[in-house]
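Work the whole structure out from these sequences, hints included.
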Amino acid sequence: MKALRFEEIGRLELVEVENPRIGPDQLLIRTGAATICTSDLHDLHGNPFGIDLPVILGHEGAGTVVEVGAAVTGFRIGDRIAAHPVHPCYQCPTCRAGMDHLCTEMGHFGLNLPGTFAEWFVVRADRARVIPNEVDFAVAALTEPVCVSLEAVRQANLQPGGSLLVISDGPFGVLMARLAGESGLDRVVLAGHHEYRMSFAPAALAIDIRGVPDPA
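First residue of the sequence shown: 49, per our numbering; consecutive thereafter.
A portion of the hints provided could be inaccurate.
[Unchecked claim] Derived SDA-like pairs (lysine to any residue); straight-line CA-CA distance at most 20 angstroms:
hint, residue 1, residue 2
1, K50, S231
2, K50, V114
3, K50, L101
4, K50, R78
5, K50, V170
6, K50, L92
7, K50, L159
8, K50, E61
Calculated directly from the structure, the hints in this document are not laboratory data.
Written out as structure tokens, the structure reads:
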């Protein structure tokens, strides 16, 4: 299969690699869409996490199930899924304490697991979610950043009739503003200075976009 592989700092190559094989608890996914996260760019240009190279990049993805592991239930060939990028071990002390999001042996697409920038990728079945047929793969691939943004909005404990200022029109800022706009607030203000990014925000409810000049 073809894949985009991180070879060395600053070098990403389209390569031909063996098709992945799945274990009994895994699914083989034909990639429908894989989105580029800023952290992918940081990895490529500086490798701040000290990734062992080479590795197939990409941690956001969605696609179609083409093979189901022998021990997997609840999935079938043809299912459309979105994949969670992290795979906790469920065995380390942190996982056993109920904090699997802090797993000390965490598997992560594009870091220590082959990523989604390939024709096929493998995901453990418990880290996949079936998506409706009407949801485009390009949208489903954004499940991880949307969930992160939704958790931030929930933790903000927003109250109907209130207001919110979101500083930054980066992808997460735009997502948080859109989600907050559905929370019954009287006003949501997104402060930013990237016209293209901010153009995604008006579809949300009650967003008042205030462009902030670039200080440069």
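Hint check:
no., hint, in the structure
1, K50 <-> S231, "violated (43 angstroms)"
2, K50 <-> V114, "holds (17 angstroms)"
3, K50 <-> L101, "holds (17 angstroms)"
4, K50 <-> R78, "holds (12 angstroms)"
5, K50 <-> V170, "holds (14 angstroms)"
6, K50 <-> L92, "holds (19 angstroms)"
7, K50 <-> L159, "holds (18 angstroms)"
8, K50 <-> E61, "holds (10 angstroms)"
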